Every structure is written in C-alpha cells, then in structure tokens.
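Build out the structure end to end from the sequences listed, making use of the hints.
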Amino acid sequence: MDQSNLLEKRVGVFICHCGTNIGGFLDVEDIEEYTKGLPDVVFTQRNLYTCSEEGLSQIKNGIKEHNLNRVIVASCTPRTHEPLFKRVCSEAGLNPYLFNFVNIREHCSWVHMHERKQATKKAKDLIRMGVARVRLLEPEEDIEIDVEPACLVIGGGIAGLTASTSLAKRGFKVVLVERDATLGGLLRDLYKLYPICEDATNVLEGRKREGESYPNLEILTSSEVKEIKGFVGNYEVTVDIQYPRHGIRIIKVGVIIVATGAKVLIPEGLYGYDGKRIITQLELEKRLKEEREKLKRLNNIVMIQCVGARGDKRAYCSKVCCMVAIKNATLISRLNPEAKIYIIYRDIIQVHGTEYEDYYREARDAGILFVRYHPENEPVVSDEYVKIYDEMLGEDILIPYDLLVLSTPLVSWEDASNLAKMLKVPLDENRFFLEAHVKLRPLDFATDGIYVCGTCHWPVSVPEAVSQALGAAARASIPMANKKVRVESIISEVDKDKCIACGLCASVCPYKAIEIKKTEGGKKAEVISASCKGCGSCGASCPMSAITMHQFTDEQILSQVKAVLP
Amino acid sequence: MRFPDEGVSIKDEGSKTEFSPKILSFLCNWCSYAGADLAGVSRFQYPTNTRVIRVMCSARVDPIMILEGFVQGLDGILVLGCHLGDCHYIHGNYFTIKRVKLTHKLLKQAGIHQDRLYLDWVSAAEGERYAKMIAWFIDEVRKLGPFGEVEGIDAEELKERAKVAQGAARSDKLRWLAGKEIDLCGEERIGIQGKNVYGEQVSKEDYDILMNENVLNEYTRSGIISLIRENPLSIKEIASKLKMCPAEVLQHISILEHAGVVFLTEEEGRTPRYIGV
Ligand code: SF4
Ligand code: SF4
Ligand code: FES
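Residue numbers (the numbering used here), protein chains in the order written: chain A, 1 to 566; chain U, 1 to 277.
Read the hints as simulated data drawn from the structure, not as lab findings.
Be careful, since some hints might not be right.
What the hints assert, rightly or not - Quick list of in silico lysine to any residue cross-link-like pairs, SDA-like style, CA-CA up to 20 Å:
{"id": "1", "chain 1": "U", "residue 1": "K101", "chain 2": "A", "residue 2": "S507"}
{"id": "2", "chain 1": "U", "residue 1": "K159", "chain 2": "A", "residue 2": "E515"}
{"id": "3", "chain 1": "U", "residue 1": "K173", "chain 2": "A", "residue 2": "C502"}
{"id": "4", "chain 1": "U", "residue 1": "K163", "chain 2": "A", "residue 2": "M544"}
{"id": "5", "chain 1": "U", "residue 1": "K195", "chain 2": "A", "residue 2": "C502"}
{"id": "6", "chain 1": "U", "residue 1": "K173", "chain 2": "A", "residue 2": "K289"}
{"id": "7", "chain 1": "U", "residue 1": "K180", "chain 2": "A", "residue 2": "C502"}
{"id": "8", "chain 1": "A", "residue 1": "K289", "chain 2": "A", "residue 2": "V239"}
{"id": "9", "chain 1": "U", "residue 1": "K173", "chain 2": "A", "residue 2": "L335"}
{"id": "10", "chain 1": "U", "residue 1": "K173", "chain 2": "A", "residue 2": "S507"}
{"id": "11", "chain 1": "U", "residue 1": "K180", "chain 2": "A", "residue 2": "I500"}
What the hints assert, rightly or not - A few chain U positions that, by computed beta-carbon distances, are all more than 12 Å from chain A:
{"id": "12", "residue": "T50"}
{"id": "13", "residue": "D62"}
{"id": "14", "residue": "D86"}
{"id": "15", "residue": "G111"}
{"id": "16", "residue": "E200"}
{"id": "17", "residue": "Y207"}
{"id": "18", "residue": "L216"}
{"id": "19", "residue": "N217"}
{"id": "20", "residue": "L227"}
{"id": "21", "residue": "I235"}
{"id": "22", "residue": "M244"}
{"id": "23", "residue": "T265"}
Claimed, not checked - Sample of chain A residues at the chain U side, in silico, Cβ under 8 Å:
{"id": "24", "residue": "S417"}
{"id": "25", "residue": "G536"}
{"id": "26", "residue": "I557"}
From a predicted model like this one, the values you see are computed outputs, not experimental measurements.
We treat Cβ as the ideally placed atom computed from N, Cα and C, and that holds for glycine.
Given below as structure tokens:
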C-alpha cells in the first residue's frame, strides 16, 4: 500500500465482540455507529474475535482494501495482544507504529457488567481518545537489543530444577536461586508419587544429580532474590546469599523463570488438627516414609477431603489432594490389608485421565470406602469418632479412627507479593502468579522475558509441574537463542533548535541517558538512544518543549486529554 | 486526602444521584495499568466514570497535561504509578511526586480544589485495590460537586484559570524547581543527598517557600499574558483588572518584556500599552 501520503489520515477501527466478553455487556453495534462519525475514520468493522485467524485477516483486508494508514483495535489489553495486532499491520504493509490499542474489555466490559448504557458510553469515549492519538502517530522502526544469554530460575523445587536442567542442557548459563538450604521443595517430604508409585526421593535425586553435572548451571542455596532491575535481555538481579558465607551477588541475566512453589495449608483449628493423631496428608507422607511399622499397626484410618478449601476463604480446588488421598490410602491398605480406610469427600472426587481413574477403581477394589458429605453437613470430629451424615443412608454414621488425615490445599507463600512486586507481575486473588493469557500464553507473564511454572502458578501434580517447567524453559530459551530481542522504539529525542542546554532533562533521567554536548550551534542536550528506556521523565521536565518522547509525545497525550469529553 | 485502604467498598453508592463525575486517570504501563487489567480479569465491578490514558511511567505525566484536563472541565484527575521503589524506571515516580506537588500548588493558586487531583500507587497485583480506589475517588469528587461547585466559581471562569495555571506550568522557573528539588533537597529513600552549587543541602522548608513564591509569581505573570494576549492594556488597566498594585504589575511586565513574551505597543498621545504573545 502507498504510505507516502501519511498526511491524509485514513483511520480504520476494528471493534471486538470477544465472543460475549465484550459483546455481552456493551452495545457494540451502537459503538460502531458512533465510531464511524469520528474524524478521519474511513472504515469500521466489528469482529467476533479480532485475534482469531478470521479477525486478523479482516484487519489485513481492511488495510489493503481501504488503504488505511492508521489502525485501531478496540478489544482487550495491549499488555497481552498489542504485539499480535502490530505484527498483522506489518504483514499488511503498514508500519506497526501506526497502530493504537483501545482497551474496552479489562477496563470496560468486564468491570461494568451491569451498566450497559454507561459502559457503552465509556467505550465510545475511550475509542474517541484512541482516534485522537492514532491520528498523531508516526511511523518508526523497532530497536534491537542484545540479550544476556543467561537465565535466572527462582525456586529449586522440582519445577525450578527441571527448568534449570533443561536450559543448562541447551548450553545456556543458568543461575538457580533457592532460599532453603537444600533443593527439592515439597518433593523432599513426599513418599511415593501417584499414579505409578515412584519414589519421590528417586525422582528428586535423579534430577539433582543431572543438574549438578552441568558446569553452566550454578546453584545458590540459602539465597534469596532481593532486587530486580532492568528489562528483557538485560536484568540485573541482586541475590542475598546466607550460606556458606554471607554476601551479596549481582547477577546479569536476560530472562527469568519463576518457580517458587507453594506450601501445604496447616489446618490450625480445623477438625481438631493436632499434628499427632489428626494430621495432614503431607505429615502422613512423612510417616509413610519413616514410620511404616507404626502405621501398619493402625486399624482405622479416616481421611477428610477439601479441608480449608473450596469454602468462603479459599474458594479454589487444590486439584491434587484427591489423588494424594487415594494414593496414600492405597499405600496404607497395602501395608495393612486389614485396615479399615475411609475417604470422606465433598461432592466430587477429582480423578482425571485414564490412569487416575484406574487408580481410583483399584482403591475401591482394595476395600477403601468413599463416603460423601455435603458442605452444609460437615463431618464432626470427636476423640474417637468422625460423625458424618451419610446421604445415601439418610442418617448419621460414626466412623472410629486411630489416625485422621486431613487433605488440605496447596496455598501460596505469604511473601509471593514481594517477588511479584520486584518483577512487576500480577498475582491472582489467592496470591498465585498470574500468567499473561490462560490459553495463549500460559507460561509467560505479560512482561517480556519472565516466565512461570509449577505450583507458584497453581496447584499441580509432579508430572504437570515437570511439563510446565520444560515449557517455560523452552519459552525462556527463545530470546536467548535469538541473542537479540526487538523492542519498541519508545525513546526520546531532543530538538536541537529548541534546546537551551539547561540540563534539566539530564538531571531527571534515571538512566543518565542524556548528555549536554558541544555542537556547532552551541551546547545542546543529546539522548544516548542505547541507554534511554523511554520513561518520558525528560519530556515532562523540559521547559522548551524540545523533547519528543516517541509514541508518547506531548501532542499525542494532550490530544487524548482533549478528547476525554466529546 | 489519602485513600484509606480499609473499609472502602467497590460498590458505587452514589451512582443514582444526578451528578456523575467525569474523571481521567493516567496509568503507568507496568503497575497501575496492569492492576487495572487485573481488576478486569477478576471482574471487580466498579463505577464507569474514569477514562484512561496509558503512559509508560507516571514520570511522563507533565503538569501541563494534568492541567489540560481541568481546562477541559473534568471534575477529577488521577495519576497512578508503581509503588515507590517499584518504578520500572528505577525512581521515575519520585519525580512524579514533585510534578504533582507543583500541580497541586498551581491548582490552589487558581482556586481549584486540590482534592480534584490525586496521586497514588497501585501495583500489578492490586486489582481489587485499584477498583476500590477508583470507587473511592469518584465518591470524593462527587462530594466536591461538578467542576466549579465547591470552588463557588463559574465553571467557564475556572477553566480560564486552569489555562492560566497551565501557562505557569510552562514556565522554566517552575519546571526547574519541580525538576531540581531532589537534586537540591535530597531524597533519603533513594539515597540521594541533595546539594546546591555550594555543596549544601537545601532545606525542604526553604524550598517550599521558594516554590510558593514562584508559583504565585508565575501564575500572576501567566494571568497577565493571557489578559493582554489579544487586546493591549496599560499598566493601570492591568492592575485594576487583576486587583493588584501598579508597581507590582510593572515589575512583572518588565520581567515578561525581558523574556520576550510581552511587548510595548506605543500609539501617539496614548498611555503605553502592552501586548502578550
Ligand atoms: S530540558 Fe530541554 S532545553 Fe533543557 S537541556 Fe534538556 S532538552 Fe534542552
Ligand atoms: S525518556 Fe527517560 S530514560 Fe529516556 S532520556 Fe528521557 S528521562 Fe532518560
Ligand atoms: S513505571 Fe510505574 S511509576 Fe514508573
């Protein structure tokens, strides 16, 4: 297409229904009608899913057929989808910097689900502001930056270990930081792993040995990440090492994998938990590992599911506990086939996939009894019995126990938010790390160069943690293998004719990216493009309007402010 | 005025009343915008009054941009960045504090209620806090009433004043003062020990006094320029319009003349009059 004449602005606006995510809460037809009347808008189109193959080709066709030289997509958030739409513009021959995102989902339809009229108005306003900005955008070229070919892995559980090993195997430098004195995380306390009853210790030791065999994998235990600075390609990480000698290390890496894991909820105050006769599944694992002889002598074992989970405080299902209970029950019944074992579950028992289903059948065949309870009729625990209302029988039954095992969920670490803050990545309402996109980018964060795997993201089993770790390692290796990443050209530039060399810009620049230099026209400020990170602070200081902050120019932002009201 | 964190509900209590404030928020890409995204992903429902401008860092937000919002007659403006220490650009948001502080002073000078502008920090993980903060701010602004109401000044007149304040925000003096405070007074939290050309740290109190004086002067000068931008006036006329003493006006005029933004237009047999550019 002909881009020589960018003066005549031809704006195309694509408005996404996002299925019903937007379409269900906003009047998208009305928004489109309104958009048609905005200045320089020559084409509008509604898409069911703008990010689908069909939606993307609609953008391309729109650009070609209507000779568009400015494109807006009004849909979700630029933090996840901007690269995709920019790429499509570029494929259609339009400089991707002439694209503008308008967020009408996260910032509108999803947060105003019961305000159709007002939310529709808001979306129109946001699009109007977007049109104001897009008209002032200028074509630019990406900048390439070098990637430090090293990866930081935070957390040395099975996920972190697997990711580290996988990257080390590919020849990348890896630094694994674990705050405990030993590696292994939750796996250290586990006995056998479902479904094939492997020894947890074997799995762990195997991985550890493999990891330790790579000289390019450095393992720092008793160490904690204290500070993270920088961007994809060039992170500077401060690690506090406690042992063997206390010290601070600064590590330079290009990418980061978060694998900090989770912990098991200790059910203080629930069902008489005492850590002795009433214990958690994790404590049972320990006994299975170390005190099998004692366990053999117990005749009545009762397990209660969903303790502290799926309620008001923690609404989620921890997913692994049902299988853990079935596995541990089976192991006990193998130790002592005479033992009476009950699993008291709440409305469902989670067994997915064929092997797990088989496992469940096997447990039933072994005589393990499954009794269902209803959340309104929770089991009541006394010294000798668990009293439970059996729905089938329609009456209370009393089950005696020698050992009561509570299946509690995996919960996130209290200090997950510290790390999240350092990385500037989000957590969900249960403090688990939140990925960029649940389906499209499940192992990435929205921030480039940071990835996630294992139970810090969500409760998963060992096989799942391992496959996530391999996936995250693969993702993390992309920028390292390419050695360069392309980043958007968001940098500032000084108009030498306007600059009076007051030096204010240089003194507010966090990166010392501005220097005052002697030129033919006297002293002038000059931006060192390679150092500028594009915060725009210089532009907000300059008294002479001499600074152009590319993509976020004074004019562009002011045009948006002016367009807030119709 | 500070967001109380505790005891705020997201529910919009006042949406049934007639006045629905028009609010603009500047969000930084890395934290507050991400926090707003998270509020969306978590489906926290909050009132519809805000319109968003995304910037890379809160430090991009120029007082001129904020004041433009009031020139347009918006009822409230939010500037939200990363928590101190978490700015993606090391300590960009410390400069945001200074710029918003300057803007607050200019608002006061212009007679615009300072609570119409609010600066705070929201992390990428604080979706719920974001939603609550929006609901809370809308409520605070609702208490102030439409632009001009609590001020007791006609909205159009107040917009003019915002324009005058915006003119003052363009002045090199004020921009210099906002930009240099950290250098001169220091900022312990980022380990900067302030010093002036003599190597001494300037006290925060002195700086504040200096700032206030300059805000007053620059606001007045900006007011003079806008008064004589189209029609030239004499010193006396300016003084009476702005309710100032002529000697003071003369002083400002000579500074403005020197800066090349005000010129004398002489006509035969008439008192000298000045025109602004
Ligand atoms: S602040 Fe503006 S005028 Fe001053 S040196 Fe920097 S670019 Fe030049
Ligand atoms: S945009 Fe930020 S990093 Fe770049 S020169 Fe300006 S102040 Fe420095
Ligand atoms: S990046 Fe958020 S305040 Fe600087």
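Hints, verified against the model:
1. U:K101 - A:S507: holds (18 Å)
2. U:K159 - A:E515: violated (38 Å)
3. U:K173 - A:C502: holds (11 Å)
4. U:K163 - A:M544: holds (18 Å)
5. U:K195 - A:C502: Holds, because 18 Å separates the two Cα atoms, which is no more than 20 Å.
6. U:K173 - A:K289: violated (74 Å)
7. U:K180 - A:C502: holds (11 Å)
8. A:K289 - A:V239: violated (34 Å)
9. U:K173 - A:L335: Violated, at roughly 83 Å.
10. U:K173 - A:S507: holds (15 Å)
11. U:K180 - A:I500: holds (17 Å)
12. T50: At roughly 8 Å from the nearest Cβ of chain A, T50 (chain U) sits no farther out than 12 Å, so the non-interface label is violated.
13. D62: Violated, because the least Cβ-Cβ distance between D62 (chain U) and chain A comes to about 4 Å, which does not exceed 12 Å.
14. D86: Given a closest Cβ separation of 5 Å, the condition is violated.
15. G111: holds (21 Å)
16. E200: Given a closest Cβ separation of 17 Å, the condition holds.
17. Y207: The claim stands: Y207 (chain U) keeps its Cβ more than 12 Å from every Cβ of chain A (closest is about 15 Å).
18. L216: Fine: 19 Å to the nearest Cβ keeps L216 (chain U) off the interface.
19. N217: At about 15 Å from chain A, N217 (chain U) clears the 12 Å cut-off, so the statement holds.
20. L227: Fine: 22 Å to the nearest Cβ keeps L227 (chain U) off the interface.
21. I235: holds (27 Å)
22. M244: holds (25 Å)
23. T265: T265 (chain U) is indeed farther than 12 Å from all Cβ atoms of chain A, at 26 Å.
24. S417: S417 (chain A) check passes; min Cβ-Cβ to chain U is 6 Å, inside 8 Å.
25. G536: Because about 3 Å separates G536 (chain A) from the closest Cβ in chain U, which is inside the 8 Å limit, the hint holds.
26. I557: holds (5 Å)
Taken one by one, the earlier hints fail for this structure at numbers 2, 6, 8, 9, 12, 13 and 14, listed in ascending order.
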